[in-house]
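There are 2 protein chains.
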Amino acid sequence: MKDLEVVAANGLLHRRAFLSGGAALAAAFTGYRLSDTLAAQGLADEPWSRKQGMLVQEYGTPSPYEKHVVRTLSNPKGDTRTQHGRTPHHLLHGTITPNALHFVISHSGNPDIDPAQHRLVIHGLVRRPLVFTLDTLARYPMVSRMAFVECGGNSGLLFSSEPLQGSIQAIHGLVSCSEWTGVLLSTLLEETGIDPRAKWVIAEGADSLALSRSVPIAKALDDAMVALYQNGERIMPGNGYPMRLLLPGWEGNMNVKYLRRLKLVDQPGMSYYEARTYTAILPGGKAYQFYFLQEVKSFITHPSPGLRLSGPGFYEISGIAYSGNGRIAKVMVSADAGRTWAQAALQEPVLPKAFTRFRIPWRWEGGPVVLQSRAWDEGGNAQPTRAELVARRGQTPKPVTNPLAFPGTHFNGPSSWAVDSSGEVRHVYA
Amino acid sequence: MKDLEVVAANGLLHRRAFLSGGAALAAAFTGYRLSDTLAAQGLADEPWSRKQGMLVQEYGTPSPYEKHVVRTLSNPKGDTRTQHGRTPHHLLHGTITPNALHFVISHSGNPDIDPAQHRLVIHGLVRRPLVFTLDTLARYPMVSRMAFVECGGNSGLLFSSEPLQGSIQAIHGLVSCSEWTGVLLSTLLEETGIDPRAKWVIAEGADSLALSRSVPIAKALDDAMVALYQNGERIMPGNGYPMRLLLPGWEGNMNVKYLRRLKLVDQPGMSYYEARTYTAILPGGKAYQFYFLQEVKSFITHPSPGLRLSGPGFYEISGIAYSGNGRIAKVMVSADAGRTWAQAALQEPVLPKAFTRFRIPWRWEGGPVVLQSRAWDEGGNAQPTRAELVARRGQTPKPVTNPLAFPGTHFNGPSSWAVDSSGEVRHVYA
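Chains A and B supply the protein sequences, listed in that same order.
Residue numbering for the first sequence follows the working numbering, starting at 19 and increasing by one per position.
Residue numbering for the second sequence follows the working numbering, starting at 19 and increasing by one per position.
Take these hints with a grain of salt, some might be off.
When chains are identical, the list treats them as one kind, so a pair holds in a single copy or across two.
Cross-link-like lysine to aspartate or glutamate pairs, in silico, EDC-like; alpha carbons within 16 Å at most [as the list claims (entries may be wrong)]:
#1 LYS237 x ASP284
#2 LYS69 x ASP132
#3 LYS95 x GLU76
#4 LYS217 x ASP240
It is worth saying that the hints were derived from the structure and are not from the lab.
My request is simple: use the sequences and hints to build the entire structure.
Structure (structure tokens):
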């Protein structure tokens, strides 16, 4: 029974248990063993096996039984304020977020851009200002990479003094991961040339508020991309069609959508979103500004609040980890609120600045437990505790529903899911 | 100008040219250089920048300008025969096929399966027959992997004696690539136990024709998966909702959709699809049966038939390569119908039995050229020439529209795209 060795409290098993199980595993799962008779009954033809099925569609849609797997909308009628669409991570699996479910924050709706008319201008402190159409960009060398995009306000509700009750869609739904394909910004800047005085690039969108953010030139020349495709197809309207700036691992709002202008300048633009929204006042009164990086984070998706365990026995605990610093190096999981830990298995390939799926087998004995995960990245950075973050950045006095209330950005502490003896999962602080 | 070194005839450049270009590249691209005045004009506000945009949707859909990026349907009204939906690879980029555009072949429509009622039975030569619901499967350890699925009849039109004129959607549209997540079949077979007499597994679907195929037990115990999720979300109805058998790298039809039964037996079932459709009669009269593997293949997607080059100058040639044997090791590209070759760059990560995007820079001088790609996999297998395949398997006497006409399966030779001086791209044999 070595394969089912418990390596941390409350039934966490060695991550290799399921991969070398044999007879020991079979014993573990006999709860699902059925007689030959019942097995045969399982083959009875259901109605859908007795008639012609549904039509193949030009552009497919999910099963009618999956209608609940949608983004939650903060402003479904599109009143003249920001709309949020959050990703249902508790209903998804793997590492890719389907385009239809990628999180969206839209401050003035998704502009209906004619791609034949759209232009990208690169100007300012360059040698040759250039204008690019979608067709001319398509002639340049492209790259593809997996990358997460995360709103700086994602998980901000964890700064509340009391834990919000909601699914991870409400708590962590403003992060998603896609394969992005486009032209490296460094390639385009080789074309324009760079005046040595250029220190920042101001990126501006073609949405009606012309959202703009300032990007250090070093990031522009590192891995920044003018992205044209998302998971194989053209970028969705909510994610910046026909092109967006992709800054792998950096604050979502800086990944300017509907990109129409890159102006090279010698100082940042101090735009609304960098000078106000994503500048927090720290407890000592100092401004926390231009922090850019989405630091190492993880959360357990299965089980998570709103899901229910169907009884004691074996489960796989699974979740998502990512870091704007690079690759995930390690994820530890606890079933006793952080007192003992077991190492999770990481699904290969582990890619930099992208979702990594972690998994660990677990035998739930039926009593109350508190599940947590904690991730490390290849730079040696670990998720801080919630207490450390609150000491550094403050806490909101009561549960808030606006994730941009201060302090409300760049929370990367662990999440704690309490499982009670009925199998219900709730969000707690532990 | 070393960076723009021509390494094969008709302007194929070293694959590193674009990655270390500098001034030489800028010179190459001055066709797109515009004056400061024109750059400023590029910033004029278009109508979509002057009004509130479109609503954020619960389940997003592409831009209205992308309505043409759809599958082509062979039987759009769903008459009682097979429906095909083909992937528009010439309009996609990267390595992932969006679920909405994954190819579908549906012989009796897509069954509208209630996932709460669906059962998977594993029986026959096992120690313990077992019945699995979707909920019980969800408790097992899962894995995620990228894998292509390809119809055995994909590219079959290349057996025609004359080259079909059509886009790669018509020629190569029955292959797609996704991240699949589910439970390894080996895990479930550990639960049931295996009688040593078991040599084959008959997989059966819950569609109205109960499509079944026979799978050697070695494949079942290797990397076969009961897949539950596709690119993060539940599998689409056309791809097997709520579960399918995934046999990475093997003939698409064997990846049984709507999987409801796995019966372990001592000999193959000789079902319709294995005994008739995917058995070809070779020129010598011998049957070509149980060949399983989708062998190494590649095709250029950009440019490809139906697309048009907008004038002489620099382009990136890009395409897809894959092999049921494992990883792609090398892709060579020719611009002179196979007389001289240049090595393409492979987009990392190169994953086994998954799409690999290849790219190579090219300077088109404006004259007629013929583009080809040829791939090698890590097992040392190379794409055979069309002549070699025809000698081995025969040729259909004239262009055919049914890709399952014999010989019509498992074509993995190169494709040739002729570019004429107007920039038009056509399918040729060369």
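Indices of hints not satisfied (ascending):
Every hint satisfied by this model.
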